[in-house]
Amino acid sequence: MPGRILVVDDEEDIREALEMILALEGYDVRTADCGAAAIARAEVEHFDLVITDLKMPGMDGVETLMALKQRHPCLQVIVATGYASSETARRCMSEGAHDYLKKPFDMDELLRIVERAIADGRVPPDGPSAQRC
Amino acid sequence: MAQHPCDDTLPHLPFQASGLEGVSAWELAEALDDGVIAVNALGQVQAVNPGAERLLQRPRAELLGRSLESLFDEPALLRALARGEPAKLVAHRASSGRSLEVRLHPRRGQGWLFVRDVSLEYARGSPRGDPSSFEEAQRRLRLVLDHTPVLLFAFDTQGILTVSEGKGVEGLGKAQGELVGESIFKVYADIDWIIQSVHRVLAGEEVSAVGNVHGTWFEVHYTPLRDARGSLSGGIGIAFDVTARERAIQVLRHQQSVLQYVIANVPHAVFWKDRKGRFLGGNQNFINDTGMGTLEHLVGKSDYDVWKKREEADFFVQVDREVMEQGRAFHDIEEPVLRSDGTQRTLLTSKVPIRNQDGHVTGLLGIYVDITARKRMETELQKAKQVAEEAARAKDEFLTVMSHELRTPLTLILGPLGTLLASSTSTLSDRTRYALERIHGNAVRLFHLVDDILDHQKLGAGQLSVAPQPVDVCALVAGIVEDARPAGSSRRIQLRFEPDASLGTVLLDGRKFEKLVLNLLGNALKFTPAEGRVTVRLRRVEGELELSVSDTGPGIPKDRQEVIFQRFQQLDGSATRQHGGTGMGLAIVKEFTELMGGHVRVESEPGKGTCFTVRLPAEPARPTHASPEERQPSGSHQAYFQQFQTPQQSQAEPRRPARDAPHLLIAEDNPGMRAYLAELLADSYDLELVENGQQAWDAVQRRRPDVIVSDVMMPEVDGMELAARLKADPRFRDVPLLLLTAKTGHDDVVYGLDAGADDYLGKPFSPAELKARVRAAERLHRVYVELDARTRELQATLHTLRDTQAEVVEGARQAAVGTLVAGLCHELNNPLAAIRMNAQLLARHAVDPKLLHRALLVIERQSQRCACLLTALQDFSGQAPVKRAWHPAGALVERALATASPEAHRRTVRLVPGLPATALPWVHVNATEVETALLNVVTNALEASPAGATVRVEARPLSRGGQQGLEVRVLDSGPGIPPAVLPQVLDLFFTTKAPGEGMGLGLPLAQQFITGQGGTIDVESEEGHGATVRLWLPAKDAPCVAAEAGRAEG
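Sequence lines, in order, name chains H and G.
Quick note on the working numbering: the first sequence kicks off at 1 and runs consecutively.
Quick note on the working numbering: the second sequence kicks off at 134 and runs consecutively.
Derived by calculation from the structure, the hints in this document are not laboratory data.
Treat the hints loosely; a few may be bogus.
In silico lysine to aspartate or glutamate, EDC-like type, Cα no more than 20 Å apart, as pairs [as the list claims (entries may be wrong)]: (1) K904/G with D99/H; (2) K983/G with E16/H; (3) K904/G with E115/H; (4) K860/G with E87/H; (5) K904/G with E109/H; (6) K591/G with D529/G; (7) K983/G with E12/H.
Computed from the model, here is a short list of chain H residues facing chain G with C-beta under 8 Å [to be verified]: (8) D13; (9) I14; (10) G82.
Every residue gets a Cβ at the ideal spot worked out from N, C-alpha and C, and that includes glycine.
This is chain G alone, in the form it adopts within the complex (with noise of 0.2 Å):
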């Protein structure tokens, strides 16, 4: 830090300046403080002031005469005089260790010298003041050293300080010069890096270091001091405050690393270039895009050492240059690019311009981010929409020609029947031609639905032209609305056509225009219900040709009027949609107007009716055409109007069913299918036929059918619906219910049944699988019905029963009564089924006496089996009297044992009686109730055990309160009875069998018949353990006949 002062300007003596003549250069030179040494050419010295002899530390004799190489050991200064060149040096004297600046001011081939000490400034390395004095070196030195905040300081070998001073020691809390004395390492010796630092010094380095002390930051320069000798003497240093520099410092590196985090942690690659397109940096995403590997490498790079692909580059290097010539950003430009690792990417990149703080433009920063797989999946996306496209042509093509093929054979059909029909002479029956008239006013419409879809399918290619011809228009529309007539009237709806004479003949595509009236017309007749009216209006009104057709329907919301002229819209989409049809006929008009290069409108108000107002250009026909072609081949429309027809009933030859003929319910809206159900099964039943399900519940109401067909499509009420309303009304549960449907599959067929129908049908159906199925749900009817008699008759009993039998849960009774004509059902079906066949083969084949003695024995078994089980019923009604005697009870039990043996063995069960030695007591009761009430016990028994399972029953006296009496246990090893039931099982038709499984009689008969003579019957079971049933009677040791002999005869 020891900065030699550099003058370069030489002092110039006094003597020549003006004012100071007379004055002898010498005077001045005596009266100076450095020393003067004036040399001759030689070098020799003639003259030395005494500043030089004090300098040189040698009397002015000494000095005369000697030689400047004598005086300093510096060649220079001779080489200098010689040339008559200035010169300046410093001139380090060993012998004094001063160090004397000389300056040689050559001067007429002598020469002089000036010489000055600059030992302090070496030593202390203070800075020269004005070089005039040392006092204003010393002065000014002082106003820095007070006024900046600098440190200074000196310290010799061992630390101690002996100089301190500067603005900045008092920052430090110290007053200058107050630490001198200190050591160093004293003073500082929490600072590490100032210790670190003065050894270093001290061991004779230069030294510069940044650090804090105590919160302040400096900056310190070190330099060694030398003695004289050159030895080590110490270090002095200066230290500037650069706590603000610092500060700033690290504020910027702080915002650095931000910058840096966010740059190496964005998801996009980031780089930048300089003005020449070479890489200047990037973040890692771009390093392990371009492969570069690390930083370095990619550094000066450019586009053509990056990518592989030159064309790519070149394109990247043009998009460069245009950002930076332009000066502006180019925001998300697509760029392709072959990676390193081979894979080809599409990137989306931004280019921004840099730019210094000129404003010039020093380079570009990029972003990108890799949208490749974005990229594939709109391709995808592009590629799935055409082949979606692809399949939706395919599929218009196929209905294209699915329409064409459906045209022939429907032609083949229209054509004979047609002649068929229209042939006065032939002999066709009224029932023959009402039939063959039902089948062409079906294939005709099946040919309009072709006619329809072919028509759209062409106007979506865009193949159908209008081709005018010269139409009366009033005539074509008047035929049509003739041919609508019969169908209009067959609902009562009163069919208007209002049209205006003066509109004549017009040029117009008569086959669309004669399909515009058609469609709008059919629609109209279609939703206006009966007793309505539809008018068909055509007038002129500014020059073109308006067709309008109005009806009294239901009329069409507001939000839906646009929605109905797209292809396969109906409004009601459901099952119960009011009417049938495409949808296709509205679109189908809209579509023609347009083509025509007219309009249609749509005017409805719901509730009151919808008007649709077709305009189309007409010009009006030059007299120079030819007449008016004829209406077009399709000839009369009467039986495409067929389908909006109500057939009438018995059309064909009315027939009569015979009087007494199950009533037959049909629902069916579709008039023809109707028709002809009607007409297969007028024979056999007394009919009524509606038109939905809403009609078909009116009329259950009104009076109740035997067994009523229905379809399931049906609009409003369907049959699905029709089917819970009836099973849901106690009133008409047992109404059989079959269902038409036009879905075959068992899932349907399921789906039918779970609604509660007793039986289905698909169509399309044989007339005999109709009639056969008709029959046995009627059939089913009849057989309920007695049964409900019954049932009746049974409720009528229960009335009494509930009198005297409190423990008959009211509650339980009507699901109660269910279950007994379910399993009653079961028991005389099976004997009714043997009976049946045996009969009806005996009815049809002519059998050999032996199978006919056999059928007959079937039948007789199977009808006693019948007349069994109603007399159980009686039995059980109470009607039987009352008979009671004495018994021993071993008799009964074992009389009870050897009935159920053979159950037992039936289902191999093991029944083990269980009797003491000794003889039981005997009983005063009705023998067979006992019997049926022990049978019962033993049989439920049976019932709940398993296969190989043991039931036994075991019989001993036993007294109760005093009262002697038998006890008969019946312990079985079945599932044993649910906590749950256990106390229900008493009740009467309480059963946990499945239904035809039993009818939950036996256990409450036994109860009643056993209570009846005076005993008790109870229940004991454990769930998984079995059950145990527990009855108890009166009983003596003998029979007392007394007593006998007063009852007996009850």
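This is chain H alone, in the form it adopts within the complex (with noise of 0.2 Å):
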């Protein structure tokens, strides 16, 4: 099941392979080094899913979170962590986010939870009314 992504890192070399593993797995990935730069590629851009850093210098990754979801209540994200506080994961799951990832992944993990992500946001459980959006 292809899918958009937007990978959303400051590092470059955890964003590149991030790209590269998904790429690998048939999705269409695009990345952005800071999370203003995600919000103004998710106003041009249809996405399927958004992974984003939480510390990042700037807008961190929970107000791009939250800024994200204020604009695309169905667009699914998915917070990755490399601090696994789970206060911040509780943090994360109640401003919207679908999961949170923790550093360093596994891939199969992730692959998994960008699936199923990808799937959550597509069919609704049960029916169009079921969910709001």
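Since each chain sits alone in its own frame, please combine them into the complex, following the hints.
See the structure below:
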């Protein structure tokens, strides 16, 4: 199931690695190096999923998540974090993140979560009225 | 007031009286004061006595022969004479001004006229006492005046009192006659109503008045007096003391006004009617209700005039009649009434008969209150109740339909499954068979549940009937007990059956009885702990069948023993309820038992156990009956009892994980789910299975697991509580806990994470997901353990540090270690992520050489980063040798600035150097340390600055305490440092940044390095206006080679 994914991370190496892994799985991947760039991209292009790092200079992951969710309520967002605190995860989930990823990622876990996020975003589980977006 | 005295008897002349014969009548007449005139039939005077001469003021000679008419200008006298009738009149003689009373006594064609002077009576109005004498009259008058509280007074036209008599005068503090000669206008000058009255009397008016004279009430009647010519000569008055009466009237008036006030202001409507049902009055509320407008319009009207609806008026009249005829009060009659404004109201009325002094009913008093609103509320409540009942009915129906609908798929699951399991030829592997048995057991459980619901609904709807058949009860119960045996023995519960062989075959509804036994036995198994005992007893008592099931469970408190038979009641309703189930089992037992004409009772003692006893009427089946029916097609109940069974570990082929597999603890109360989890994870983990949170907690104490997977809803200690306990204990805080929850909403996940869980998994989950999550948790733990080891090393170093660095605050240490780990986690995980992803990529995909090269470069670069980080830590721990040398300060500062400039650029912060034109002095230092210190301070300033801000770095020579030196100041325009934390900024690991943002090492390291070279560092800041860090190092204008030679080799 292909899909369009936007990867947001200030570290180029992570960005590229994610891009490569996801592209090899057949996803159409774009990248952004900060929250502001991600929001700008999401304005002009459609994405099925955004994977954003949590700790970034400028706008951090939670702010990016909130901004994206506000503009595109149906957009699925996964938050990646290097420091796995359940407090941060809780915060992201309550702000509408679909799931969270702990660095360092396991490729299988990453791909499974990505696949599920895109599937959840596409097919409302109980028909069109059951889901708000 | 001058009442003419009435006397209708004529004077009887004495000459006819006995004993006076011989005395001439005329002789007597001569002696009389009154005038006597004898006239003939023509009315001519025949004789007059001296009295007549005096009264008529004419001598006898002049009077004789004159006509009656000429004497009294009264034709009536002559007419009466002619008719021979007596007459009496008062003749006013203008000539003398006298008033003369004239009586005509006709006598044989002639007439006698008796004349009396009544001028005095006319003039003074004095009552005539005994007609015989004026003195007597005077005496009587005196008597009256002296003994009755009367005031008699007369006054002339000037108001001068001529008479002031009567006892009443004394009441005013005056003697009788005392006021004579005084002016009434003066005496009563201050009493307006008297003055007014006197004026009116003197104007010729008769006046009656009531008024107050110095506290005493008088009723006064005035009459004007006229002289003989008829002109006003004054007035007389008589006054009575009416104080008592007036007081009584006032009291009455007061009472009346209170009553009126009450009637007008009660919230009720009040009305009263006469005997004929006509309204006599009502208060404003009533008048408003009738729409009559005013009381005048109401009075005299009947109910038919007032109310719009005839039938309502009929009703009122009917009630009124009953009240008045029966003479008793009617209370709280509900009356509908259509008000004049068109609104239909409901009244609550009471009617009371009104009686007069004799006790006769003269009317009725009605009082009512409008209860329309209350009535409407009652109606609405009634409606709401109906709606609620309908909803409950609809729900019941839905439940029934649902249960029916569920039966079909369940039957289709159970049928083929039973066949599959029963077929001896099938080639099922042990594992498959085990899995199928579990599916079968749970489906049977579901089936029973659906059955219970259906039975329950039917019972509620009264659709369940009893169908007695001959049943061999002992065999039936024995069969059920046998089926329950595996479940019992799995928990080492001793299961005993004590039948009564004499029972034989009885008439009983077999299906229902079977259900009773199943439910009671299931209940007992559920609540009996391992090693316990369950006994089923069957016997005949007093001609009835008695079934008892006793257990050694926890027992039921006295106050709860009634409740357990209610539907959906379980003793412990909380999330930590000991046992699953709907709480319907016992309700069904009670309902079925009663349906079958029996009764159930429970005996229980908390801590000892419980015994349920069912008594049922059960006649022995007569031998004519056919042989007892076969057991129901439900067949074996083994599957039903499977739910109370503890599955044996590795019932399937035992699988041993690798020797050093991570230790995984699974806490799950549902045996099926527990076994399923175990099966999924047994390959990769060294498993330990427990049934609840308490057992899990005990297990953790015994052997520390690498990962815990726990259900949330568990008896006693649930998953949340387990999480809280683990996180509160420093020994187990790091053990990853993965919660399994039946709820998967975001809120529930958040709740679970809040409770301290490291991860969550919603039921139902896929096996792959479970495995991945457990793997992730286990990996996290491994990293944690590694970091923990590293932390321990650091802690050891810290111990050494603390010896030399007194400023490291003891209290901050524990918290600081946590923060350091948090920071390190982030700093290490980022490069690790890059390395790992690239490595995995390379491992899985055949990539082209260009990509391979790139990936390797990333791995190289990121590993380097990790290495640097570790080196920094090592540097910090002070293991690197200290090398000092002479350096020009300017070069050190510039190098630090150059190193920091990319970071400044990245943050879009301007880094402005402020170096003097002259060369800076030389310093004898370890260049790396000083540069690092400077860099740390500058980086700290950059991090504190918002985008677009400026950080200034100034350096200048500065002597302190006679010693030459160098000062470097780093100024930022960030938010500044709050005064409260300012003293702490140089403390090790203190940071205001969020975890992962920095380690709190920068400034303390700088301080360590600078003080290590004999310098000082201090921070100044004002909140909102940035911060300034000042470094000072001893310095010289030129390097001192001799000094260096001695130390540089260190």
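Structure versus earlier hints, numbers of those that do not hold, lowest first: When the structure is compared with the hints, none of them turns out to be violated.
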